[in-house]
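Visitor: What follows is each chain in one-letter form.
2 protein chains.
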Amino acid sequence: MKNYDAYLIDLDGTMYRGDEPVPFASAFVEKLAKKRIPYLFLTNNSSKTPQQVSSKLEDMGIRSQPEQVFTTSMAAAKYIKQQNAEARCYVIGEDGLFDALEKEGHQIAENDCDFVVVGMDRKITYEKLSKACLEVRNGAEFLSTNGDVAIPTERGLEPGNGALTSVISVSTGKKPVFIGKPESVIMDQALEELGAIKESTLMVGDNYDTDILAGIHAGIDTLMVFTGVTPYDHYATFPEKPTYHVHYLNEWLAHI
Amino acid sequence: MKNYDAYLIDLDGTMYRGDEPVPFASAFVEKLAKKRIPYLFLTNNSSKTPQQVSSKLEDMGIRSQPEQVFTTSMAAAKYIKQQNAEARCYVIGEDGLFDALEKEGHQIAENDCDFVVVGMDRKITYEKLSKACLEVRNGAEFLSTNGDVAIPTERGLEPGNGALTSVISVSTGKKPVFIGKPESVIMDQALEELGAIKESTLMVGDNYDTDILAGIHAGIDTLMVFTGVTPYDHYATFPEKPTYHVHYLNEWLAHI
Numbered sequence: 000m001k002n003y004d005a006y007l008i009d010l011d012g013t014m015y016r017g018d019e020p021v022p023f024a025s026a027f028v029e030k031l032a033k034k035r036i037p038y039l040f041l042t043n044n045s046s047k048t049p050q051q052v053s054s055k056l057e058d059m060g061i062r063s064q065p066e067q068v069f070t071t072s073m074a075a076a077k078y079i080k081q082q083n084a085e086a087r088c089y090v091i092g093e094d095g096l097f098d099a100l101e102k103e104g105h106q107i108a109e110n111d112c113d114f115v116v117v118g119m120d121r122k123i124t125y126e127k128l129s130k131a132c133l134e135v136r137n138g139a140e141f142l143s144t145n146g147d148v149a150i151p152t153e154r155g156l157e158p159g160n161g162a163l164t165s166v167i168s169v170s171t172g173k174k175p176v177f178i179g180k181p182e183s184v185i186m187d188q189a190l191e192e193l194g195a196i197k198e199s200t201l202m203v204g205d206n207y208d209t210d211i212l213a214g215i216h217a218g219i220d221t222l223m224v225f226t227g228v229t230p231y232d233h234y235a236t237f238p239e240k241p242t243y244h245v246h247y248l249n250e251w252l253a254h255i
Numbered sequence: 000m001k002n003y004d005a006y007l008i009d010l011d012g013t014m015y016r017g018d019e020p021v022p023f024a025s026a027f028v029e030k031l032a033k034k035r036i037p038y039l040f041l042t043n044n045s046s047k048t049p050q051q052v053s054s055k056l057e058d059m060g061i062r063s064q065p066e067q068v069f070t071t072s073m074a075a076a077k078y079i080k081q082q083n084a085e086a087r088c089y090v091i092g093e094d095g096l097f098d099a100l101e102k103e104g105h106q107i108a109e110n111d112c113d114f115v116v117v118g119m120d121r122k123i124t125y126e127k128l129s130k131a132c133l134e135v136r137n138g139a140e141f142l143s144t145n146g147d148v149a150i151p152t153e154r155g156l157e158p159g160n161g162a163l164t165s166v167i168s169v170s171t172g173k174k175p176v177f178i179g180k181p182e183s184v185i186m187d188q189a190l191e192e193l194g195a196i197k198e199s200t201l202m203v204g205d206n207y208d209t210d211i212l213a214g215i216h217a218g219i220d221t222l223m224v225f226t227g228v229t230p231y232d233h234y235a236t237f238p239e240k241p242t243y244h245v246h247y248l249n250e251w252l253a254h255i
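Read top to bottom, the protein sequences are chains A and B.
Following numbering that gives the first Met the number 0, the numbering of the first sequence begins with 0 at its first residue and continues without gaps.
Following numbering that gives the first Met the number 0, the numbering of the second sequence begins with 0 at its first residue and continues without gaps.
Keep in mind the hints are simulated off the structure, nothing from the lab.
A portion of the hints provided could be inaccurate.
Chain copies aren't distinguished; within one or between two, either way the pair holds.
[To be verified] Listed below are the simulated DMTMM-like cross-link pairs for lysine to aspartate or glutamate, each with C-alpha atoms no more than 20 Å apart in a straight line:
| id | residue 1 | residue 2 |
| --- | --- | --- |
| 1 | Lys-130 | Asp-120 |
| 2 | Lys-127 | Glu-93 |
| 3 | Lys-130 | Glu-153 |
| 4 | Lys-127 | Glu-153 |
| 5 | Lys-33 | Glu-250 |
| 6 | Lys-197 | Glu-239 |
| 7 | Lys-130 | Glu-140 |
Kindly generate the complete structure, drawing on both the sequences and the hints.
Guide: Here it is as structure tokens:
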């Protein structure tokens with residue numbers, strides 16, 4: 000069994016479910032910290048800032064600093080920076096996305112934009128969608144923080160950012176660059192942030208379609224845990240298997 | 000040349016553009032009225048009531064009664080009635096859609112709905128989209144007044160109802176039944192409303208992808224006019240040609 004020098008760790012379904020910590024999540028992170036192995040929490044949630052995510056983790060007894068949180072909004076902001084140091088961005092989203100773009104030095108604008116960036120927005124309006132369409136038709140590059148089509152809530156499955164994004168892609172006929180898992184963009188940005196290399200990094204997550212495929216697409220080994228969205232009885236159907244799988248994270252502690 | 004006993008006439012691009020009447024639109028309608036040939040104005044606009052559409056036409060000097068306007072919202076309400084005399088409907092839309100459903104005796108409801116009906120809504124919210132997704136996942140039949148992906152406005156192409164509808168279809172994985180042109184549903188309902196038969200009815204319109212294809216799909220002869228969205232230089236590219244085409248409607252007056 001390989002020794003991994005760095006970990007990328009999913010949050011929802013891996014570290015917590017709703018407001019409850021997942022069993023052994025805290026022990027898993029403690030072991031990494033004790034062994035001084037660098038790790039990043041990697042999330043497709045574009046709405047929250049790293050500070051907000053980190054304090055949620057701390058409230059559940061999971062050791063975390065804001066610097067250890069890497070959101071799809073931060074990945075989007077860094078991806079834009081690689082192309083344009085101070086881009087004009089038309090943004091649909093919540094705090095986490097505006098915050099990430101501004102921290103990377105981009106300008107939030109309403110017209111003549113270089114990029115249209117779409118993240119989850121529970122205050123979506125027709126005017127916001129219209130402006131995004133007009134800017135995309137006007138030549139702005141079209142990014143979306145993630146393609147998740149549904150979000151589990153206590154009411155059932157509500158529309159996710161991938162569903163909101165489809166208004167703009169269907170209307171303009173232009174496909175966005177998706178940043179979040181399972182795409183490689185967020186993985187590449189996270190490795191750079193962590194100062195790690197693919198070959199000795201492990202991606203830990205519960206969702207086959209996002210976490211595990213993200214690892215597979217990016218050429219990063221994966222550890223799948225069955226505490227979240229994908230049930231163990233789907234294992235046989237996976238076209239490509241995760242590198243490792245455990246039912247609970249305590250089964251992995253000896254390998255850290 | 001066939002003599003037609005009934006006419007279905009598109010509005011936007013055929014009778015008016017924005018707030019201006021199209022040349023010869025009024026003369027065309029006058030000739031039909033004089034010859035006592037029944038006609039219906041047929042529109043994919045789900046937002047307006049027949050009264051609102053009719054007074055817009057009258058203001059432009061085009062003879063019209065509310066009874067001569069048939070909207071995709073009215074077609075949706077009649078389509079539902081064929082399956083359920085008093086259906087519970089969760090509705091995203093504007094005046095025209097609520098009005099049409101209530102006139103057919105359906106009930107506007109928030110839960111346990113038989114149908115989810117989506118029409119153009121410039122006051123769309125995340126909550127409305129969520130409720131629609133939850134109801135569709137809960138088994139409600141999913142209808143959409145039309146699949147138009149973009150609406151021409153003075154600002155450019157803004158998202159149309161087909162683009163808004165995609166939030167729900169992408170999120171739930173369920174495809175809606177589209178009611179409006181180019182689908183046959185609206186054509187069948189309009190013929191019934193008019194008391195006409197396919198073989199002796201003519202569909203008049205400017206938009207190849209909606210008006211002309213609607214006629215072709217429904218087996219109704221078509222008269223295409225180049226005063227609207229589809230330019231004449233596209234004619235050579237049409238996979239199936241309209242039965243007739245004219246540059247302006249005055250060229251057709253002798254055939255009425």
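Visitor: Decide, hint by hint, whether the structure agrees.
Guide: Structure-based check of each hint:
1. Lys-130 with Asp-120: both (15 Å within a copy, 16 Å between copies)
2. Lys-127 with Glu-93: The answer is both: 13 Å in one copy and 18 Å across copies each meet 20 Å.
3. Lys-130 with Glu-153: The answer is between: 13 Å across copies meets 20 Å, while 32 Å in one copy does not.
4. Lys-127 with Glu-153: The answer is between: 17 Å across copies meets 20 Å, while 27 Å in one copy does not.
5. Lys-33 with Glu-250: For Lys-33 and Glu-250, only the intra-copy Cα distance (17 Å) is at most 20 Å; the inter-copy one is 86 Å.
6. Lys-197 with Glu-239: within (18 Å within a copy, 54 Å between copies)
7. Lys-130 with Glu-140: Result: close within a single copy only, 14 Å intra versus 31 Å inter.
Of the numbered hints stated above, none is contradicted by the structure.
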